[in-house]
Amino acid sequence: MGLKRIIGLLIFLGLATACLIYLRSKNTIPPKLRVSTWSNYFPDSVIQDFTSKTGIKVELSYISSNEELFAKLKAGATGLDIVQPSDYMVRQMKSLSMLSKLDPTLLPNLIHLDDYYRHLSYDLKNEYSVPFTWGTSGIAVNTAKVQLNETEVSWELLLNSSYPRQTSLLDDMREVFSAVLFLNHLSPNTRDLDNLVKAKQQISQIKNHVLMFNSEPKPLLLKEEVYIAHIFSSDAVQAQAENPAIRYFIPKEGGLIWTDNFAIPASSQNKLQAHTFINYFLSPQHALETVRQSHLATPNREVKDLLPPEEKNNPNIYPPKEVFKKLFFLEDIGDTLPLMNRMWTELKS
Amino acid sequence: MDTQLKSSKPIPLTALVFIGWLFLMTFIPFLIILGMSFLERTPLGTISFHFSFNNYLRSFQYIYIKVLLKTVWLALVATLSCLAIGFPVAYYLARSGGWLKQLGLVLLFIPFWTNFILRVYGLVSLLGNHGLINQLLLEWELIKTPLEILYTRTGVYLGLLYNYLPFLVVPIFSSLEKLDPSLREAGFDLGANRIQVFWKVVVPNIKEGVFVGSLFVFIPMLGEYVIPDLLGGAKEAFLGNVMVSQFFVMQDWPFGSAIAGMLSLLLLITLWIQTRWSRIGGFRNGIDNAKS
Amino acid sequence: MELIMRKANPFVATIFFIAIFLLYTPLFYLILQTFLNNPYDLKSGFTFRWLLKLFHSPSLLEPLMNSLEIGVLSASLAVTVGTFGALGLFEFSALLPTMIQSLIMLPILLPEVITGLSLLLFFLLLHIELGFATVVVAHASFSASFVYFIMLEQLKKLDPQMAEVAQDLGAKPHQIFWKVTLPNILPGMMGGWLLAFTLSFDDFLISFFTSGAGLTTLPLKIYSLMRIGVTPELNGLSFLMICISTFLVLLLVSKEQSRKWVLRG
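Chains as they are written, first to last, in the working numbering: chain A, 959 to 1307; chain B, 537 to 828; chain C, 27 to 291.
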């Protein structure tokens, strides 16, 4: 009887498939260290070096925003051993117990960190995070296409651009709000509702004129689809390396400074190896290679000394003291955050 | 198949496997997300298990209604554009003979078989300021500055059109195929000309197929996320974008679920309209017929 | 089937050809760009180096393998479940209560955002770790219904009398199964399998939600590459994938053709 045979065949097929799925899924827990990182951070050679020196295999995955990382961790992604949240995200994750406390005895290379970075407000004693790089947020300009007075760059250049269709904003709520708040000579961490509402109105006026919201405008700058980009310094310096006409500016009203940190999710199953990874990249020579290839700013004081002069003295990577005074970290704004969230949603609708 | 099959029990075990699967993998998750929409997010970011309508009240605020209407309008215009192009395409295919029909179908399906994301990437390449279209137009001096298509609403429309066209063509083509040719011949025999035969014989019979095809295109468009994100420059949020951003950026899962609830309601309304319309039109269960 | 080519309305024909042309332009452009020295400059000259770079790029191989494996497994699962459904329900497919009909249509009608997010919540609630298995199951969950409809059509077309005739002619049950029943439903099953595979391989949004942190599928990888703007490798990949899909479609069509010729003969 044909029917029974077909059913039998199907049951066989189904069971075989189920077995294969089960076996295959078990197979994807290899002894690898899973690192979630930002794009263009770790050159391949550096990772390969790590593996050959420690025997630990590394699997990189990429995220493009802190919120994406947060959502992935919150959604129970238990497969991550190292994450790289920025400063404010460390604060957020810490408060929700999403991070694992670091064991300082496994991190002897901590002493190489510049003092400034060992006492940052979001994690006073590096209990949960270790700064790996830091940077600023500002404006990248393709000076071959845009004429400007380089000593007097203001946030006006971005927010009142003469080339609106070749302008892009960061797809990041707090960054965009901060830019406007700086322009209005206010603190980026203001909780004053009136200030925020005014900022929101200003943003809504320009958002329809700009080309797009994009947190990684480097390819667009290089393709010359964008001439003026709201950008992270790390991205800008990398773009400049490929096209020297692209210059980076921290506007005179001030800008944000951020750190990207190593942290270990509470759910990691590989904490020991994760500590090895962090310690490895705290050592001056290994940090050097990474930082030099990707043009990132290092919080490691010995590494900075070892850098070639073009790197060390590059004001885009290491802003001079006068500029440093105008840099602010993003702080916790408490109850104002959900309100800002709603404003951002309205802006994007 | 042997005839003894017909006397088997009312709900065969095999059917239960399928229905059970659907229930577990589709229905229950759907209930879960609806359930989540009645909970609330605490300021700390966790979920409070108190039943509340607040999310839905919030979703009726002007900005979200604006997004809803914008999305419906987008989907409507895109669907109609697909119809405008898709119908002639289906018609031409159905009326071709033999190898040309095969060729036409193959041609239509090859792009469909490349990856969706790849096709979007192709559009991004094509429509950008340095893409093919702008390059050629500038070369031939038809324009002085590049046309802005990418990262605008137009880009989104083109993306939707490009992506959903085959989905519309297939049901229409299907019902055209099923059309009994003798009906047309009878029409001609009775003295009608081509136009009359088209409107009075062909159209009424394929109305279902057109409807169902449009539905299969309209409904997914309401929930589109990727195309407005990649081709629209992330500037305009439609329902799908708002939903995802509530989950992944704002971390307000209950509210995101409420948006999902709104979208589902929209769906139900659309389906209800379709069934009413088809009953008025006097044909049988519309979906059943054009299923193939 | 009509072998005489009817004279088609020229207006309709024009639209058809324009549509096909437009459908292929992005793809042709991608292929063209693969061989251009500078993908954004039409005059920059011919080169193979992007293709070569592609073959030396290990980071694209793993997502591709993942997508293939996920596709095969979820298609098999979908075919199993969907065919079970078709077998059990094809007699009363028109008489099914609306509730059941809606349930079957639900995966097809529900927008992907909702399916993806709801499955994410579902897995989370059950503390199931997001990864390979969840993606396979998620894909199968929406493609099963498609397979169901395909198999339904297949079974309806099946002539129940063929088995009887074979029996009357003295064929034993296992002969009937292998030589009559199976060959008739197998094409449908394969068609359904291929469709489920395509849906899975192509899928972006649902994989995005259900893949968790460690797993990358090809569409997800392409998406992240698009965002960091690694253009040339993508073009090489596009070229490859267009070739593969053309090959697959031609394969499918030629199988159809030969089957029809066999039946006629």
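No lab work stands behind these hints, which were simulated from the structure alone.
Every residue, glycine too, gets a C-beta built ideally from N, C-alpha and C.
Certain hints may be false.
Unchecked claim - These stretches of chain B come out as covered by chain C in the derived footprint (C-beta under 8 Å, 3 or more residues): (1) 636-647; (2) 681-692; (3) 800-810.
Here is how each hint holds up against the structure:
1. Remark: the stretch 636-647 of chain B is confirmed as covered by chain C, as 10 of its residues place a Cβ nearer than 8 Å to a Cβ of that chain, reaching the required three.
2. A stretch counts as covered by a chain when three or more of its residues have a beta carbon under 8 Å from one of that chain; for the stretch 681-692 of chain B and chain C the count is 0, and the coverage is violated.
3. Counting residues of the stretch 800-810 of chain B whose CB lies closer than 8 Å to any CB of chain C gives 3, which reaches the minimum of 3, so the coverage claim holds.
Hint violations for this structure: number 2 only, all remaining hints satisfied.
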